[in-house]
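Participant: One-letter residues, chain by chain:
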Amino acid sequence: MASLSRADVEHVALLARLGLTDAELALLEGQLNHILDQYQVLSRLDTDTIPPTAQVIELENILRDDAPRASLTPGEALAGAPERAGDYFVVPVVVEGAD
Amino acid sequence: MSDRRLTRLHAHEMARGLRAGEFGARELIEAHLHLAHATDRALHAWMFLDDDDARAGADRADARLAAARRDGPAALAALPPLLGIPVGLKDLVVTRGQPSTAGSRILEGFVGPFDAHIAERIREAGAVVLGKTNMDEFAMGSSTEHSAWGPTANPWALDRVPGGSSGGSAAAVAAYHAAVSIGTDTGGSIRQPAALCGVTGMKPTYGRVSRFGIIAFASSLDQVGSFGRDVRDAAALLQTVAGRDDRDSTSSPVPVPDFLADLPDDDDLAAGYLRGLRIGLPREYFVAGMETGVEARVREAVSALESAGAEIVDVALPHTDYGLATYYIVAPAEASANLARYDGIRFGHSVRDGDVLADYLATRGTGFGPEVKRRIMLGTYALSAGYYDAYYVKAQKVRTLIKADFDAAFERVDAIVAPTSPTVAFPLGARLRDPVAMYLSDTCTLPVSVAGLPGLSVPCGLSDGLPVGLQVIGRAWDEGRVLRLGRAFEAITADAEWRRFEPTDLPALDDPSTPPPRVPSIPASGRGGD
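The listed protein sequences derive, respectively, from chains A and B.
The C-terminal position of the first sequence is numbered 98 in numbering that gives the first Met the number 0, with every residue numbered one higher than the one before it.
The C-terminal position of the second sequence is numbered 529 in numbering that gives the first Met the number 0, with every residue numbered one higher than the one before it.
Note that these hints are calculated values from the structure, not bench results.
Note that this is a predicted model, so its numbers are computed, not measured.
You may find that some hints are simply not true.
[As the list claims (entries may be wrong)] Below, a sample of chain A positions facing chain B; criterion: calculated Cβ distance under 7 Å:
#, residue
1, Gly18
2, Leu19
3, Gln30
4, Leu41
5, Pro50
6, Gln54
7, Arg68
8, Leu71
9, Gly74
10, Phe88
11, Val90
12, Val93
Virtual Cβ for every residue (Gly too), placed ideally from N, Cα, C.
The following block holds chain A by itself, in its conformation from the complex (with noise of 0.2 Å):
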């Protein structure tokens, strides 16, 4: 297993779309270097052959009728935005050009 430089740390903050200041990147690297010492331990364990679980109760597939059924109004749905123009969402440009 690998540890992180402060680089790897940056792009995985990127990955995971979250801003981090010097310090919390700094104070990152050390906490997540440590906690990635401890994983090290299941390397011990020879798991070549044991399948992997993901869940763990027996569930078959439920289905149910493609009915249709009460769900949020549009005006519940955006009660809670921060910004809203109409019954939408707004959200910053995505696409250049696109005016």
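Using the hints provided, position chain B relative to the given structure of chain A.
Facilitator: Leaving out everything else, chain B in the frame of chain A:
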């Protein structure tokens, strides 16, 4: 009846009093609201109390009681057990028209547009929700110190943590603000605070309770459960919320038995359940770093069970030591995916900073606290290209081994008992420097969560004047047996001296000059634990 006497009743005693007409639901709820308002400054168990909603709920309960009284004894007996009973909800249960922040600044100002499944069930049962309780941000922590809104104190010692992440729910029940409360448990977040606050906490089998409307942390682990001041009360709340809901595809259609029918009020009857019961004692749970007082209380509890007729069997759970690393890969990985939804566009905290990427970075960078950022970073890394097999898949394979340990043990025994937490409540601030030290708070609960099994924590005595919890672990879907064992333990220790002690710092909570809980200032650094 005085406020003090009303708030000290157990929920099943309140239910009897309401049916007998000794007091009304409005009187009962007013007593709890009064106590909570008067003493929560120094405890900080509550995010908010909704007096008007609680009073309306109490009046509805009184109307149902009056109607049933007119219809006769059969109608009274058929009323749901929690009718008129005061309940707290952890701040991650979404309710219509009320705030829910999950302890996070990123949900500041969020008002629920709908009711969680369990909130619907609680209201249908006539129980009265007083408000929302404090918690570690997004349930990530073992001390409630990671709440963006400040920590909760432990009613047994106000300079100590209540445990976490459901610390507000545990403290509210311990301090008599509510008879029962809802928590969630991902790696120990019901059982560990129950142990540290000296109350009963029940995490059912993964899939037993619908999570529709529960703010998600780690979806293959999260489960809703209950707190009470005894096993019957915690069971009554679990009964109220358990069962299939087609809005959560991971909630199970396995039938829910009548838990309360097997939890007699009579101590002799309850204790009789232990005769011939095979109880496993896993040697791996008496770990290095366990406090001697905790180990002594747990071993005394095991002796008491044995004296009452149970057969104690040594069992091995050899992969216990791998639980911590397995959990701290799986849970952050799932959290990093679940928390991707907080984008500052549809609801909650939002910072506009130029373009869409800058908005995300600023919103999430200022909205999440340090422990949540750390988990998102760990999870994102563990799922990233080149590391997915080394971390996430490896942890899922070890998860298979941990579950297999329990499967093998349960071929030999009916239930397993162990410590809930290796230590009693620790001082506020004590584990904030080192995330790994905080994570170690949950060594005894994490493997049970990883295996998805039901776990109960019941008080089993005091060490240095602070509560110790006994953990009871069962097979999947076998909550009934776990609860009966817990109730039997209550019965055989009913006369124990430690049961006569109330939380030590209740008088300090009554004193209006006691300051709110505060984490002693420490250098900016690690925080952690669930």
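Participant: All hints are to be evaluated individually against the structure, with a verdict given for each.
Facilitator: Hint check:
Proximity of glycine 18/A to chain B holds as hinted, the smallest CB-CB distance being about 3 Å (cut-off 7 Å). Evaluation of the leucine 19/A hint against chain B yields a held restraint, the C-beta minimum of about 6 Å falling below 7 Å. With a least beta-carbon distance of about 5 Å to chain B, the hint placing glutamine 30/A at the interface is held under the 7 Å criterion. The criterion of a C-beta within 7 Å of any C-beta in chain B is met by leucine 41/A, whose closest approach is roughly 5 Å, and the hint holds.
Restraint check, proline 50/A versus chain B: the minimum CB separation of about 6 Å is within 7 Å; hint holds. Taken as an interface hint, glutamine 54/A checks out: its beta carbon lies about 4 Å from the nearest beta carbon of chain B, inside 7 Å. A least Cβ separation of about 10 Å between arginine 68/A and chain B goes past the 7 Å threshold, and the interface hint is therefore violated. Using the Cβ-Cβ criterion of 7 Å, the hint placing leucine 71/A at the interface with chain B is satisfied: the shortest such distance is roughly 6 Å.
The beta carbon of glycine 74/A comes no nearer than 9 Å to any beta carbon in chain B, farther than 7 Å, and the hint placing it at the interface is violated. Taking 7 Å as the C-beta contact cut-off toward chain B, the hint placing phenylalanine 88/A at the interface holds, the least distance being around 6 Å. Taking 7 Å as the C-beta contact cut-off toward chain B, the hint placing valine 90/A at the interface holds, the least distance being around 6 Å. Interface restraint check: valine 93/A against chain B, minimum CB-CB distance 5 Å, threshold 7 Å, status holds.
Comparing the model with each earlier hint shows violations of hints 7 and 9; every other hint is respected.
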